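Student: These are the residues of each chain, in order.
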Amino acid sequence: MIQTNTDSFLLKAHDFTVHYKTRRGEAHALDEISLEIAQGETLGVVGETGSGKSTLAKAVLGVLPPNATVSGQIIYHGSDLTHLNDDTLRRIRGKEIALIFQDPMTRLNPLMTIEDHFLEEIQAHESISVEEARSRAREALVSMGIHESRIRNYPHEFSGGMRQRIMIALALVLKPFLLVADEPTTSLDVIVESQILEILQDLRRVYKMSLLLITHNLGIVAEVCDRVAVLYAGKLAELGPVRDIFHRPIHPYTRALLSSVISLETKELHSIEGSPPDLLIPPSGCRFHPRCPYAQSICKENVPPLVEYRPGHFAACHFGDTFL
Amino acid sequence: MTGSASGLESPAEDLLKVQDLLVHFPVKVPLIQRLISREKVVVHAVDGVSFSLKRGEILGLVGESGCGKTTVGRTIVRLLEPTSGRIIFEGRDISHLSQSKLRPLRRRMQIIFQDPHASLNPAMTIGRAIGHPLQIHGIVRDAEEVRQSVLDIMREVGLTPEDQLFDKYPGDLSGGQKQRAVIARAMILEPRLLVVDEGVAMLDMSVRAKVLELILNLKRRHGLTYLFITHDLATAKFLCDRIAIMYLGRVVELGPAASIYAEPKHPYTQALLQVIPTPDPDKRRKKILPRGEVPDAIHPPAGCRFHPRCQSVLPTCGWEGRDFIDLLDEHLSTSPKGVEDDELLGSIGEWWAEGFEAGRKTDAKDPKKLVERVKEILAKAPPAMAQAVQSVEAKGEFVIVQFRTPDKLVHTAVADRTVECLLYQ
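Protein chains in written order, with the numbering used here: chain W, 522 to 845; chain G, 27 to 451.
Some clues are possibly wrong.
Result set (DSS-like, lysine-lysine): computed pairs, CA atoms no more than 30 Å apart in a straight line [said to hold, decoys possible]: (1) G:127 x G:312; (2) G:401 x W:729; (3) G:309 x W:729; (4) W:542 x G:406; (5) G:309 x W:788; (6) W:788 x G:434; (7) W:788 x G:66; (8) G:313 x W:788; (9) W:579 x W:542; (10) G:43 x G:309; (11) G:391 x G:401; (12) G:391 x G:406; (13) G:245 x G:312; (14) W:696 x G:194; (15) W:821 x W:542; (16) W:821 x G:80; (17) G:245 x W:696; (18) G:391 x W:788.
Honestly, the hints are just simulated from the structure, not real lab data. Predicted model, so just to flag it, every value in this text is computed and none were measured.
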């Protein structure tokens, strides 16, 4: 195992690679990803379908499917998550690293009351009395603006926004260091989405918790993230402070993605030619080259290295200099 | 068409006219409950919606989930039958036409759904799927002719190389290509009206623009008319000529897209526009969010349905008994527990609300104390709500909070649009 320095990073992925074995061959879902999350920071991971962003979330939680092969490291508190045994992982998962999903209804057991969900979660990680667990559950629920009398209700008795708040309360009841949110508002309406994002930001301030926010919505990223990682077809295309990414993007993919966003100010439509590649046979060299308007022969031949162009602002493009 | 000055168009120019459309869905109620209470339980999915669609225009129907926008879309193409109201398509009332009479009309109005993957039969090749409607409607019988029409429309919607994609299965196509195939299948019948229900919501950003461009191109080339149903205000702004904002089964604001975005009138429209995330980290700002969530459509709020969440609410907007119960619930759960409150107010379950009344049976010797406490709580309520209270009185063994009856809400013409809000009446 590699010795790690004890800097301010809570979690650090180094050359992290995930391949899935499928019937049609090996899918290169994530390829040599290196990034870190500092304590108290919100890192946004953006990408389209097949970019590997959900694979990254699963890897951080140690819940990759059995057909995944992993190389590289994810260092968390000095140890490599990819080498921990299941018992240790289970202790960390939920307690130190928690997750909220896109669709709360499919993650809450319809046959269990909200209180049962909390008790199960708390008692799996801490040996405290039922009474104490109950009072912590109530506290967590009330902190999300849900009346404590509703703790005996079943999931179907709540609205979508309330269910998502219950999911957040469940994830936070053990006060994790890192919250992984995989498209946490995608199934919600815009107003409720705003409410949830506000809650997440408040929590981060109060608990000094780190947040890994995985989304395809660049508007949300602009509103809540400190730094942004842009994934394309399993490769890290660009990584940097949110202002740099939005105002001074370097990678042609990031630039194209930003201009394809439809906002209230949109006057004309921009799209990216072609479609994301098949990860079973990813393009050679830079994976974006078949769709890149600036591609040269070197882009087909060599994989571009991730270069730091500005302090903390990295991009993987052979012609990064020309886009500065 | 700009503004109300252009009232010159003859009604014949309306391709579609929807008048006072009502679509209610019955709710399954257990037999015993049905015997006890005679009240018919229905979901008021669409509750009095009127608009018209001019030829060649794109009308956006915008709202959150549960507002009834999808039900409007499905009812217009008569996948559903309206409870009441009229749907007039090309001058003909189709509200209650039988299936056999509808079939020839279906050629002229098509609908596209959100999920292209679910819209295509995985066991049918793309070419067959697109050509299928021609055979169903008996328009073209010759196989070679069908193939040629399919290849033509595939080229037009950008499903190229068309001869290679013709024999592919939906599973071989990307999301954007599948949505193009669905559009091609609808377009092959040369419809006049296309209802697009969240047609780009599931597509990745980088391909979404392409499909929107296709929608615009088809409109230009074929003079198509669209009803574009979406929750995405930014896309609607870009695409639509006019916008109808829906909330809980009602259209609350309707008018030209440009002016609605420039100056939204209805407080709900204002709220919706404000929460759209701006893709610029320098424009972060604190938002003033409406309270809570969309209430359920079985018992929509009285008066203006948005009133319990509205920032600009008036005393006359429809305050009713259950609004008081909500206030009390919030009070009981947020304020520190006093023994006094517990005894006086009891638990929330002991209170009832019916129409504009809320109350509680009290066995206290001195109900005046409870009356006073209720008045104190109301003093901390939003001012509009407090002012809507007509009386708090002890009547026999009950303490009753009585709200005034709300003013009648009507659609009001404001500048170039119609708004359903008391602020403008």
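Student: List in ascending order the numbers of the hints, as given earlier, that are violated by the structure.
Tutor: Numbers 1, 2, 4, 6, 7, 10, 13, 14, 16, 17 and 18 - these are the hints that the structure violates, sorted from lowest upward.
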